[in-house]
Amino acid sequence: MARIFKIRTKKVGQPPGTLVHVGEARTEPVRITVLDYDLDQLQEFCVTSIDQCLDFKKKPSVTWINVVGVHRPKVIEKIGDCFDIHPLILEDILNTEQRPKIEDFDDYIFIVLKMLSSDDTDDGMEEIRSEQVSLIVGQGFVISFQETGGDVFDPVRDRIRKSKGKIRKTGADYLAYALIDAIVDNYFLILEDVGEDLEVLEEELVTNPSSDTSHQIHEMKRDMIFLRKSVWPLREVISRLSRGESEIFEESTEIYLRDVYDHTVQVIDAIETFRDILSGMLDIYLSSISNRMNEVMKVLTIIATIFIPLTLVAGIYGMNFDYMPELRWRWGYPAVLLFMLFTGFLMVLYFRRREWL
Amino acid sequence: MARIFKIRTKKVGQPPGTLVHVGEARTEPVRITVLDYDLDQLQEFCVTSIDQCLDFKKKPSVTWINVVGVHRPKVIEKIGDCFDIHPLILEDILNTEQRPKIEDFDDYIFIVLKMLSSDDTDDGMEEIRSEQVSLIVGQGFVISFQETGGDVFDPVRDRIRKSKGKIRKTGADYLAYALIDAIVDNYFLILEDVGEDLEVLEEELVTNPSSDTSHQIHEMKRDMIFLRKSVWPLREVISRLSRGESEIFEESTEIYLRDVYDHTVQVIDAIETFRDILSGMLDIYLSSISNRMNEVMKVLTIIATIFIPLTLVAGIYGMNFDYMPELRWRWGYPAVLLFMLFTGFLMVLYFRRREWL
Amino acid sequence: MARIFKIRTKKVGQPPGTLVHVGEARTEPVRITVLDYDLDQLQEFCVTSIDQCLDFKKKPSVTWINVVGVHRPKVIEKIGDCFDIHPLILEDILNTEQRPKIEDFDDYIFIVLKMLSSDDTDDGMEEIRSEQVSLIVGQGFVISFQETGGDVFDPVRDRIRKSKGKIRKTGADYLAYALIDAIVDNYFLILEDVGEDLEVLEEELVTNPSSDTSHQIHEMKRDMIFLRKSVWPLREVISRLSRGESEIFEESTEIYLRDVYDHTVQVIDAIETFRDILSGMLDIYLSSISNRMNEVMKVLTIIATIFIPLTLVAGIYGMNFDYMPELRWRWGYPAVLLFMLFTGFLMVLYFRRREWL
Amino acid sequence: MARIFKIRTKKVGQPPGTLVHVGEARTEPVRITVLDYDLDQLQEFCVTSIDQCLDFKKKPSVTWINVVGVHRPKVIEKIGDCFDIHPLILEDILNTEQRPKIEDFDDYIFIVLKMLSSDDTDDGMEEIRSEQVSLIVGQGFVISFQETGGDVFDPVRDRIRKSKGKIRKTGADYLAYALIDAIVDNYFLILEDVGEDLEVLEEELVTNPSSDTSHQIHEMKRDMIFLRKSVWPLREVISRLSRGESEIFEESTEIYLRDVYDHTVQVIDAIETFRDILSGMLDIYLSSISNRMNEVMKVLTIIATIFIPLTLVAGIYGMNFDYMPELRWRWGYPAVLLFMLFTGFLMVLYFRRREWL
Amino acid sequence: MARIFKIRTKKVGQPPGTLVHVGEARTEPVRITVLDYDLDQLQEFCVTSIDQCLDFKKKPSVTWINVVGVHRPKVIEKIGDCFDIHPLILEDILNTEQRPKIEDFDDYIFIVLKMLSSDDTDDGMEEIRSEQVSLIVGQGFVISFQETGGDVFDPVRDRIRKSKGKIRKTGADYLAYALIDAIVDNYFLILEDVGEDLEVLEEELVTNPSSDTSHQIHEMKRDMIFLRKSVWPLREVISRLSRGESEIFEESTEIYLRDVYDHTVQVIDAIETFRDILSGMLDIYLSSISNRMNEVMKVLTIIATIFIPLTLVAGIYGMNFDYMPELRWRWGYPAVLLFMLFTGFLMVLYFRRREWL
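Residue numbers (the numbering used here), protein chains in the order written: chain R, 46 to 402; chain U, 46 to 402; chain X, 46 to 402; chain P, 46 to 402; chain S, 46 to 402.
Relax, there's no trap hidden among the hints.
Per the computed footprint, the stretches of chain U lying under chain R, defined by three or more beta-carbons under 8 Å from a beta-carbon of chain R, are:
1. 59–71
2. 139–147
3. 248–260
4. 328–334
5. 345–353
6. 357–366
Heads up, simulated DMTMM-like pairs for lysine to aspartate or glutamate below, C-alpha to C-alpha not over 25 Å straight-line:
7. LYS343(S) to GLU400(R)
8. LYS209(U) to GLU122(X)
9. LYS343(R) to ASP257(U)
10. LYS274(R) to GLU317(S)
11. LYS343(X) to GLU340(P)
12. LYS343(X) to GLU340(S)
13. LYS119(R) to ASP152(R)
14. LYS343(X) to GLU340(R)
15. LYS146(S) to ASP321(P)
16. LYS274(S) to GLU248(P)
17. LYS274(S) to ASP238(P)
18. LYS102(S) to GLU122(S)
19. LYS211(X) to ASP152(P)
20. LYS214(R) to ASP129(U)
21. LYS146(P) to GLU299(X)
22. LYS211(U) to ASP126(X)
23. LYS146(X) to GLU281(U)
24. LYS146(P) to GLU295(X)
25. LYS274(R) to ASP328(S)
26. LYS343(R) to GLU340(S)
27. LYS274(U) to GLU244(U)
28. LYS274(U) to ASP328(R)
29. LYS146(X) to GLU295(U)
30. LYS274(P) to ASP321(X)
31. LYS103(P) to ASP83(P)
32. LYS214(U) to ASP129(X)
33. LYS146(S) to GLU299(P)
34. LYS274(P) to GLU281(X)
35. LYS343(U) to GLU249(X)
36. LYS274(X) to ASP328(U)
37. LYS211(P) to ASP129(S)
38. LYS274(P) to GLU142(S)
39. LYS211(P) to GLU148(S)
40. LYS146(S) to ASP307(P)
Hints listed in this document are in silico derivations from the structure and should not be mistaken for laboratory results.
All values reported here derive from a predicted model rather than from experimental measurement.
Yeah, the Cβ is synthetic: ideal placement off N, Cα and C, and Gly gets one too.
Chain R extracted, bound-state conformation:
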């Protein structure tokens, strides 16, 4: 649960624009890969310092700089210097607890997104983790910042290398769209995992609900809160992009952005639906507890109601009065036994009629 409470106290009291990494501590070095392409050529290489890719900035080709690891303020600062990025933006890149947002500057757009991934945990449920991805999109270049560098951008890289689709024929804005699209497409994978968990849980709820089931439902409900928090603001972000307010995004890309927008709305729809379903499951769980309690109480009541009166009868004939004529009768004992059997039988009939048995 820690992920919800990770909050940026390290920064309190610092002047704005102070570059401090907020998030999980990491030690691995920052990896910077560059992909420069146009319709005719493609260059791909790793750099150790950002200076090495300054040349590409001026070329008309599209330059994609992918930075994996935002835990070194120095590196981010240098990138900021080279590309003339506002200090507050650099601060936002380092602070991995941002909400998805968009900032529109004169010569670049800054976009913050959340990339999701999921792991199986011991109890067979998914654990959903989130990673911040920041994009700086300018005329002819895209800089993307990832925390750990999963493989979510690989399909885009592949399309560039193999010149699949129209990506090599278009500019940096289309590349930015492709990256956003890759992240949003990834949400569907997460949702499918969640959906499968939900089906398992639902099966369990019907066949054998335990207090474990209820804990897992609550766990998933909280995951939905978390997902919602990550995806909901994205809608506004992409909507603003697709309304064509920025000059960096060309009109021909807007239809693609509308497409991602539709996908985002679909994702939010699915999350809301999952929430509704989980709430319903919780109701089912609670009413199944009540039902089982009813069952237990019925058993107790039936047993008590049949045997307690009979015990009284046995008690009566166990009394030691001198003058109890029945005790002397020859058939007294079998008569009492028959009476008990008969009474018990009547009780059972009664409960049958009340549909308790």
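Starting from the known structure of chain R, arrange chains U, X, P and S on it as the hints suggest.
This is chains U, X, P and S only, laid out in the frame that chain R set:
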């Protein structure tokens, strides 16, 4: 429940515009039927290839091309080529997991709708299924894409053949309206089925609520979530159409679109009402469980309260003390029996007064 | 409950504008009454055919045609022909399952309203019924369509006849206002009935809550859903009228429309308040069930806790061991009885201290 | 509770503008007091007829006419004649079931407000009552209508008499502001009373929750519904005044109106907070019932589980078999007693370990 | 809880602009510190009277006057005189029960904020306290009013003294931003404390839920209501500032204000998430109570069901009939004991199969 979780993972990682069918796998061939008509003439035939209907496109008559089956990307692609449709639109046609939406291009409008149908299941409740219908409406032609081709468009076909109403006197925009209207009208049939199920369920809830009843209520509640998801966005779609933003829809058709809009709002209203009623029914179910528990506990308490003290009395006179004068009394035994009867009677009176009996 | 599910399946598959009556089947003939008046004269008569009132249409006096019964498509069609009404409007008049709405045409306004009435049912609660009223308001004439013709318009008729208020000095727009006002005023009567039921129910809830009470609360909650559905859209309708968008309504009438608008808002307010109160009553009912369960359990626990240990004591001295010295004691029996009394007394004290008694 | 259901049925069927008093019946005479002032002079007197203050209307000084009692339609009508007030406004003044609202005419503004007061009831809780105050604000005069004439306007009167603050230097608009401000300030007193009740209730809820507590919580919740209904529309009323749409209110008064607006928002905020707190208290109450039930059940279970098995043991040695060797043993009886003690002790240990004791 | 009910009754009946302190009574003197700086110089000193800093007002340097303690109306009034502040603003400064708000005047802006702090209480949970901070921002000066003067502004003071960041190079608007930023940053500290409490509570809820846990959850839920009330209006305040409506805030500061705006939204997001989590925890608590009740009932039922029938058997053979052949049998007693054991064993098996054991 699977229908809620069907999500488009097949497409993740593909460039946009890649034509992949998302949805239930099918094997039957794609059927294409063409209906070309104006006030004076009517042609109707099946084609095996879309090329065969290109001639009609140019004619001033209205051409309705109905494509049943969207599981063959090749076929859809060819249609896209012939009618110059944007690849993203083709992708949307193939992806049957869209929300209802509308896309406005210069020379055609693309509309996605959900067609609903319902089947009786084993437990007598309806199972609601949804099928995607896409419409491409241009100057003089309408292309409609169905997944399986139910009979929902038959009345429209009939009206064209028999020249009922004003359909033969109007253009492609009116045909598009007629198709949308047919789909929305169909919702009322579904709602009526749901309404009947609701009445059955309500009857059951009053006479004989079981945990089955509660499961069916939850099932229906989920169906309502599903319906809502299918119909809600349609409102916005038709509202945009009827606001006359597009040039393809003539002003004289707008009043008809407003009429469909009213119907859509009515459908949404009914769904919301059903949801409210189902929530109320769940509350009734829960309080009926509590009431029954109360009943059961009362029976137990009455039995225990009447018989346990009497058992004590019997126990006392079953003690083996040497000096228990009562045991020697001639009328001891009948006196005790009378005392017991009297006590029991008092208890019953007491419970009567507390209105437990 | 049927009223919520009455849905217009009869019409599915028909071309728009097809005139089919949707609603409860009726057999009585359609009654048409005409009231033609200006400041100086007043004519009032019944007609059998609409042709008879065509003359009045052209006169500058105000003509009010009241049609009771919309179950004869032929009659409605004829009216439509005479007054040149759009077929979709005629369809709406026949379809008594409309939401309140307003349609603005060049030379007339079409308004749909719901008139409510209530009957006492067997259980003393109100049963609320709804009837559709449609108004066509043009220059110099108002046509009103009722389903059964209650007496809600009688006060208006009276005011015209006796020339009370300014109704005879004003035009058709003021007459339309007066009719709407009569319908909205009628809501207050319904609300008062509901309010009285609520007070009865509340009394019952405090003194003697039964599962019947809970059913009636749910019943009333559903009535509120129904009322809300009937009145809520009316707000928008009257708001549009009072904003003066139509030329048929003169500016001097607008202040009256604002007055009706205020009343409508008051009605909606009251419905929402009733809903809140009913929800609160349901909570009270549920917690009273829990409280009673607690009561029952306490009785059981007290009885069991007092008598079961005593029964053990009696059982012990009922054992048949040869060597049980107590049994031989002279005062053994009274001592045991005293001990039992004392223990029982202690238990009672204990329960007193825990405030269970 | 009656106050929520007081609805204006008396007026149904009357033409608009018919002057009928709606509200609690009263018999005391209507009192009219006049206060005429400017910077230099002040006149204050009671009048028996409104004619007596017509002279002041024309003078440039500010005239405040305070009418206590709106149950005499005649009186109100005469005022309407003198000051040329629209009949619908007079109707609204007489109808004490209005929502707070504002009507803007050319030469006066009509404002309806709710004045609240509270009384202690038998159970120590506040009973909140509401009274309608109507203001007519024109150039140089304010007419205020109260139902019973509490002392809420006394501070304003005092400030005028003693020329405290800037009230004597300003016009009728500032006087209107001062009156509204006095009413809104009064809400804070009510809220403080409610807040104190809430604290008492909360104390009770923690120390000794009874079904009485729950009833009082529900009572207060309903009071909050009532307060909300009275105050919520006021926000819109004052907001419209402070936006400076009317010419009667001068720009220099607007900052004061914004101040009242802030206070109104604060009041609404407090009401919402109270509602949230009351909902939370209800949850606490319900879980405390459940907790107590658990307690009760534990006691029962412990007693039954300890004594029922022991009773069986006693019962076994009370059997009358001829051959029961234990009965003949010398130490049989003490051995059984010890065994019982030991078993009971084990049980207690077991319950300790499960933390039930 | 008192903090929610502190309401400004002291002021009721006073003319507007009357300077009365509303809030906790204090006795310490008011401390006024002045910090005057530009790029080249810095002066810092305490003053006893506001007159001493009037000189700085006219200088082009930035003057920050920090007033700690708003409980002396005289002091505030004098400041108002010197800086020509509207009396209503002075009133707002003295009234510490304001909502966060912003008032825009021609030559200054007035901003009200809430500063939060938290203390550990006895039960290890945080107690959150709130203090009002008012800012008056004019051309070249900022006056800040605190109630008690915590250390939240120290980092800003430090940055000015050490000329860290760009604060010495910018104007009064940037200083105002820095102060707002310091307060908002402080919220994150509170949220982190709350988050830690939440984790502790959650641990407790899983391992050992008691009625204490539920009380603490409710306590925290109420804290969230309180936090929400303090922070929510701030969003609007900062949004209005950052939209650049005021001339006092320069365009270069707006990006910083957008940054604070983002932080505020993050804070609100976190509060909403906490609320959702707490609601979920309450549900978990309630279902854990139900579960435990089920457990208790099962134990009772098992014991009763096993031993009550056996007691009947023992009772039967304790009857004193003359003719009970079993009693005479040589192996009767062991046979009955075996029968009892066997029956008990069967019962246990039965409960095992129903998974109650």
